[in-house]
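Chain order of the listed sequences is Y and L.
Those letters in the first sequence? Residues 1 to 290, per our numbering, in order.
Those letters in the second sequence? Residues 291 to 576, per our numbering, in order.
There could be a bad hint or two in this list.
To be verified - Chain Y side only, calculated, beta carbon under 7 Å to chain L, not exhaustive:
1) A184
2) P187
3) A192
To be verified - Calculated from the model, a selection of chain L residues having no Cβ within reach of chain Y, i.e. all distances over 12 Å:
4) Y308
5) H320
6) H360
7) V414
8) D490
9) A525
Quick caveat, the hints were computed from the structure, so don't treat them as lab data.
For clarity, every value in this text was computed on a predicted model and none was experimentally measured.
Just so you know, even glycine gets a beta-carbon here, dropped at the ideal spot from N, CA and C.
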Amino acid sequence: MSAKTNASQVVSVSVQGVVTPPRMPPLPAMPYSLAADGNPFLLPAYGSIVYNVSVGDSAYGWLADCVHPGVSVKMEEATGNRGLNVLSCVGNTAIVMTGNAQRARGTVTGKTGRFSEHVIIDFDQDAREQLAIGDKIVIKAKGVGLSFDEHPDVMLKACSPELVEALEATTNDEGKLAVPAVAAVPPHLLGAGAGLFSDGGSIHIQTADGDAVKEAGLDGLRLGDVVALTDYDSSWNHGYLRNAVGIGVIAQGDSPRAGYGPGITLIMTSQSGNIAPMIAPGVNLKDLLL
Amino acid sequence: MALATNAERLVEMAVLGYVSQPTVRGYIPHANGESMILPGMSGFIYNARVGDAAFGWAADHLEPGASIAHPDLDADYAMHYLTCMGNSARLMSGLAAGAEGIVTGEHARLLVDFPPDVADLINVGDAVQIRAIGQGLQLADYPHVTLKKCSPNLIESLPIEALDERRIRVPVTMELPVRIMGSGAELNPDFVDQDLMSGDRALMAELGIDQMRLGDLVVINHADHRYGRGYKPGAVTIGLCIHGDSVMTGHGPGILTLMTCAEPCIEWTIDPGANIANYLNIREAS
Numbered sequence: 001m002s003a004k005t006n007a008s009q010v011v012s013v014s015v016q017g018v019v020t021p022p023r024m025p026p027l028p029a030m031p032y033s034l035a036a037d038g039n040p041f042l043l044p045a046y047g048s049i050v051y052n053v054s055v056g057d058s059a060y061g062w063l064a065d066c067v068h069p070g071v072s073v074k075m076e077e078a079t080g081n082r083g084l085n086v087l088s089c090v091g092n093t094a095i096v097m098t099g100n101a102q103r104a105r106g107t108v109t110g111k112t113g114r115f116s117e118h119v120i121i122d123f124d125q126d127a128r129e130q131l132a133i134g135d136k137i138v139i140k141a142k143g144v145g146l147s148f149d150e151h152p153d154v155m156l157k158a159c160s161p162e163l164v165e166a167l168e169a170t171t172n173d174e175g176k177l178a179v180p181a182v183a184a185v186p187p188h189l190l191g192a193g194a195g196l197f198s199d200g201g202s203i204h205i206q207t208a209d210g211d212a213v214k215e216a217g218l219d220g221l222r223l224g225d226v227v228a229l230t231d232y233d234s235s236w237n238h239g240y241l242r243n244a245v246g247i248g249v250i251a252q253g254d255s256p257r258a259g260y261g262p263g264i265t266l267i268m269t270s271q272s273g274n275i276a277p278m279i280a281p282g283v284n285l286k287d288l289l290l
Numbered sequence: 291m292a293l294a295t296n297a298e299r300l301v302e303m304a305v306l307g308y309v310s311q312p313t314v315r316g317y318i319p320h321a322n323g324e325s326m327i328l329p330g331m332s333g334f335i336y337n338a339r340v341g342d343a344a345f346g347w348a349a350d351h352l353e354p355g356a357s358i359a360h361p362d363l364d365a366d367y368a369m370h371y372l373t374c375m376g377n378s379a380r381l382m383s384g385l386a387a388g389a390e391g392i393v394t395g396e397h398a399r400l401l402v403d404f405p406p407d408v409a410d411l412i413n414v415g416d417a418v419q420i421r422a423i424g425q426g427l428q429l430a431d432y433p434h435v436t437l438k439k440c441s442p443n444l445i446e447s448l449p450i451e452a453l454d455e456r457r458i459r460v461p462v463t464m465e466l467p468v469r470i471m472g473s474g475a476e477l478n479p480d481f482v483d484q485d486l487m488s489g490d491r492a493l494m495a496e497l498g499i500d501q502m503r504l505g506d507l508v509v510i511n512h513a514d515h516r517y518g519r520g521y522k523p524g525a526v527t528i529g530l531c532i533h534g535d536s537v538m539t540g541h542g543p544g545i546l547t548l549m550t551c552a553e554p555c556i557e558w559t560i561d562p563g564a565n566i567a568n569y570l571n572i573r574e575a576s
């Protein structure tokens, strides 16, 4: 049985986003980004409706820069988008309110950070075929304020009560919260997102050095995988701190850029190290929630 | 003797900004959960200069000297990308018009040191013009070492040693482990700095990082800052401490990239005097 939470006291609130178009910088800026080796590249990046990449697929190998699986939503007005990005939690239900896919339901699978600030939603293939950029989607946001009754030193972020239940996190013999994860990311491989806000946004695994990624056991990651962050405190921002432990989900795909790679949406953090990751294969949102 | 460069081929161009009004972030959460309001970003700082401590101030992201910006975003970006460390600056308006300063950092705004005797005469809004030169600068015999935001003035003043055909040696005050490099990883390495993460206070003391001074040269081993700011075994980056410490997780003193090489071709020696205040005679001149 999962560790107990205060889920019955957590408020569920409506937040709205609009299916966002992919964006490129205006002229005279070039559309290229630079890879870690300095080569310019032009590839699809974040946003929009992605038809052929889904949670459960590999996080690597796509010809894309931090691809968002499924559907990305945003609100153009900044404070409204902040509400959308902060209050939405992984595992929340999303409902299409306008357009041809009206009434279709999906599930929040991640959030992204500085420069995009989207919420990523999984919809089935039928719904994706019917959706249009500009369609309005409401998320039944629930999870901000959630905490564990017996683990006050573990903070939950962007984590729905449903995801906590599905993870079956339990208290181990040492009194720590034991959470399953497919791998642990060492601090030297955590890049973009350091120092940024941890209640929304993302922290990226950096993958320019393939050997280091392989050595850490991160080369087989799938979108939706649950991972641990070693020696990283994400209580208010993301940052290095010995013994601190975080838990997150792989929300975005790999990137050719330096400092970037698969993007993690943080769901739990313990500054004092009271999370014990239990490393096992196959801990993925596809099986946990979808 | 200074290493050969292509400095005589560089173009020197004026960019202009205005002394800014301080900004306040509101309550800043400490790593320990307390929150406080602190000064730091923007404005003109009377009592902290390059050469002073980077840690210990009751401030967040303390920017020494005058922080200048341009209200037109395109012009502001041009100032950011064209200005190099060690460029000369001059007040063009106000009571201290004509006073000479020197560029010592690039953060959200450009940071310019002015002599203390003109401090009381500087007004928010005064125009500061910079003679921007340095973009395109290369070490003639070491093209595999990328220079960023180095003015010819700065490069000529640094005691860089030529070791052999591939390797140079640079004095630094300390080495920073790559695992503590934080906020700024998401930005391109030609724009502003990357904070070292000072949240592990015990580690700062163990490694002596808390002794850092504004203007210090530092080395980050295994960091490749050519086209981003990332981890690469064997790469070496030399940085400049441009702003003070922060209470925010993932933040700390700001390290601006000066030199970077994808291979282990930049060696270093530890020298407590490796500070641009010494190399550019910033505090002696006033």
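The hints, checked one at a time:
no.: 1; hint: A184; in the structure: violated (14 Å)
no.: 2; hint: P187; in the structure: holds (4 Å)
no.: 3; hint: A192; in the structure: holds (4 Å)
no.: 4; hint: Y308; in the structure: holds (25 Å)
no.: 5; hint: H320; in the structure: violated (8 Å)
no.: 6; hint: H360; in the structure: holds (19 Å)
no.: 7; hint: V414; in the structure: holds (27 Å)
no.: 8; hint: D490; in the structure: violated (5 Å)
no.: 9; hint: A525; in the structure: violated (9 Å)
Checked against the numbered hints above, the structure breaks hints 1, 5, 8 and 9 and satisfies the rest.
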